[in-house]
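Asks: Given next are the chains, with one letter for each unit.
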Amino acid sequence: MPILSYQKALNRALAAEMERDPAVCVLGEDVGIAVSNVTSGLLKRFGPERVVDMPISEQAFTSFATGAAVSGSRPVVEFQIPSLLFLVFEQIANQAHKFSLMTGGQVTVPVTYLLPSSGSRVGWAGQHSDHPYSLFAHVGVKTVVPATPVDAYGLLVSAIRDDDPVIVFGPAGAMTRREDVDFTTLAPVPLGVGRVHRPGTDVTVVAVGHLVHDALAVADELEGTVSVEVFDPRTLYPFDWAGLDASLRRTGRLVVVDDSNRTCGIGGEVLATAAEQMRLITPPKRVTRPDGAVLPFARELDLAVQPTRGQLRTAIETVAKSQ
Amino acid sequence: MAEPADLYRTVRLIRRFEQRAIEMVRSGVIAGGIHPYIGEEAVAAGVCAALRPDDVITSTHRGHGHVLAKGADPVRMLAELAGRATGLNSGRGGSMHAADVSAGIYGANAIVGAAAAIAAGAAWSGRRTGLDRVVVTFFGDGAVNQGVLLETFNLASLRRLPVIFVCENNGFATSMRTADTTAGTITGRAGAFGIPALTVDGMDPEAVQQAASGAVTRARAGDGPAFLECLTYRFDAHHTWEHSVRPRYRTDEEVTAGKSRDPVAIQAARVPEAVRSRIDEEIEELLDRAQRFAEASPEPEVSGALDYLYASGLRGREGIA
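Going down the list, the sequences are from chains A and B. The end of the first sequence is residue 324 by this note's numbering, with every number in the run present. The end of the second sequence is residue 550 by this note's numbering, with every number in the run present.
In case anyone wonders, no lab produced these hints; they're calculated from the structure. Ideal Cβ positions, reconstructed from N, Cα and C, are used throughout, including at glycine. Careful: at least some of the hints might be erroneous.
To be verified - Here are the simulated lysine to aspartate or glutamate pairs, EDC-like style, with alpha carbons at most 20 Å apart:
id	chain 1	residue 1	chain 2	residue 2
1	A	K9	A	E224
2	A	K99	B	D430
3	A	K322	A	E224
4	B	K488	B	D536
5	A	K9	A	E20
6	A	K99	B	E232
Unchecked claim - Output of the computed footprint for chain B on chain A, the stretches with three or more beta carbons under 8 Å from beta carbons of chain B:
id	segment
7	94–101
8	117–131
9	296–306
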């Protein structure tokens with residue numbers, strides 16, 4: 002079967018949606034030449050009115066997309082660097098996200114924000130290594146963090162077709178993933194529906210984005226000792242609470258691995274909701290970045306503030322043993 | 230071009246609407262207060278008289294004049310200010326977010342300078358789909374030091390977008406004088422981005438209309454954006470909270486001098502008295518009806534407080550499990 006890379010999956014989803022719907026267009030920096038690779042070939046195929054290079058004016062072009070969306074376009078805005086989201090938080094959280102409610106439903110804002118390399122790329126230091134998906138889930142922007150190429154394709158398609166703003170985080174740690182896939186089977190993946198990558202009976206691990214692959218590796222290591230179920234929410238907002246509930250009915254034990262800073266990260270929300278409403282037979286645990294983490298430059302320091310497989314394994318073993 | 234009587238009708242409607250709204254703030258029917266547009270009516274009236282119904286505007290926190298001049302129903306507008314289910318935004322927007330998309334009003338916006346980029350995107354999208362409409366974005370002198378607005382000047386000029394930037398220079402960013410906050414000149418900012426700019430007497434509806442018509446014709450023909458600096462004066466408070474707090478940032482003499490040129494009086498002088506009287510009566514009847522309608526209209530259902538949050542119909546979880 003042909004091999005699909007994560008990057009190529011995003012590229013195929015963009016091309017397919019642009020082909021299907023002339024309202025879809027791509028805006029961003031260096032999208033013409035495709036510096037991030039996800040827009041490769043699109044300028045040639047769809048022309049400069051639909052693949053639009055923007056000046057380095059993130060705030061203006063983010064709200065530009067809002068205005069275009071209100072006027073019938075379906076823009077996909079690419080940001081090469083996750084920390085740019087702090088710069089445009091006003092334009093997304095305070096403008097695009099609020100427009101429908103504030104106008105009493107007179108407008109829709111079908112914009113997709115695409116981050117084709119979020120989180121640490123190791124060595125990109127403090128202002129290029131953030132992973133701020135929890136912030137967007139907190140304000141209520143639909144937030145997607147696909148872990149695999151097939152899910153990246155399907156979730157990006159659904160994001161583009163959605164009538165609300167949706168932010169799609171492609172974790173740098175997942176960007177090199179590849180999988181064998183029959184391209185004819187690629188299909189939209191609905192927002193808000195999680196995926197059990199590996200069934201298990203002892204502990205549910207909720208893993209976000211690239212950490213799904215770490216969770217699967219740790220589950221393999223623990224094979225025969227602890228039976229681990231790996232639950233990938235895929236969408237952080239809206240979250241698949243029913244899917245998590247079903248998993249915890251089977252296991253009753255919970256560990257979350259989440260590349261957010263600890264305070265107010267999505268991992269805390271998962272633990273809180275499970276504690277309030279779901280079956281837990283032992284106290285849950287989470288593995289996250291430390292509080293207030295700023296990723297330091299040096300390689301070992303960068304890695305030291307990201308969740309590790311060792312930390313996850315310890316957390317799973319502790320939760321599995323406790324009564 | 231609008232007839233003198235039509236321009237008079239617009240400035241008079243805005244003036245009386247604002248006075249009525251201030252009364253309703255005082256009586257508690259309108260919560261949160263308003264940013265009165267009194268004194269600046271010529272700008273909204275003159276610019277919107279140069280527009281077609283399918284043209285689009287974005288507005289500001291001081292937006293009532295723009296919304297009314299572009300053709301929103303004053304009755305539903307007042308109901309919106311009163312937070313009623315019958316309001317333009319079904320009670321979800323209020324004074325600072327009033328919108329009527331069917332009339333080309335993409336809404337007032339409560340963040341200074343924020344709407345211009347939205348306007349530019351709307352202009353781009355409209356042109357891309359073959360429409361020959363133009364988009365006007367209103368903002369105050371306080372906005373000219375906001376980065377996103379300056380970024381938008383660049384983007385609009387670069388792509389020759391049919392956007393008209395209308396700066397209502399009333400001399401004050403809330404309490405701060407333009408000279409104390411703004412280096413260089415306002416029109417110089419437009420010039421730096423290659424956008425032709427005019428400074429206009431913003432107290433005269435006909436002067437504004439004439440300047441706006443030129444900019445609109447140019448933009449509609451595909452010749453790109455234009456910039457109008459309208460010199461005007463805010464007669465009333467920055468916001469109605471000043472009526473109780475009374476901050477002193479202008480002298481009485483200064484306010485008196487500022488009010489000596491009144492856009493409603495300037496336009497009234499161009500309209501026969503008999504015509505004016507009839508217009509005045511019609512406006513009073515309309516506003517009486519609007520106030521009765523607003524006060525009699527139901528409050529929105531609390532169970533639907535977050536209706537319209539998601540176009541897809543998504544419902545988030547409640548605040549309590």
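Asks: Just pull the numbers of the violated hints for me, sorted ascending.
Replies: 1, 2, 4, 6, 8 and 9
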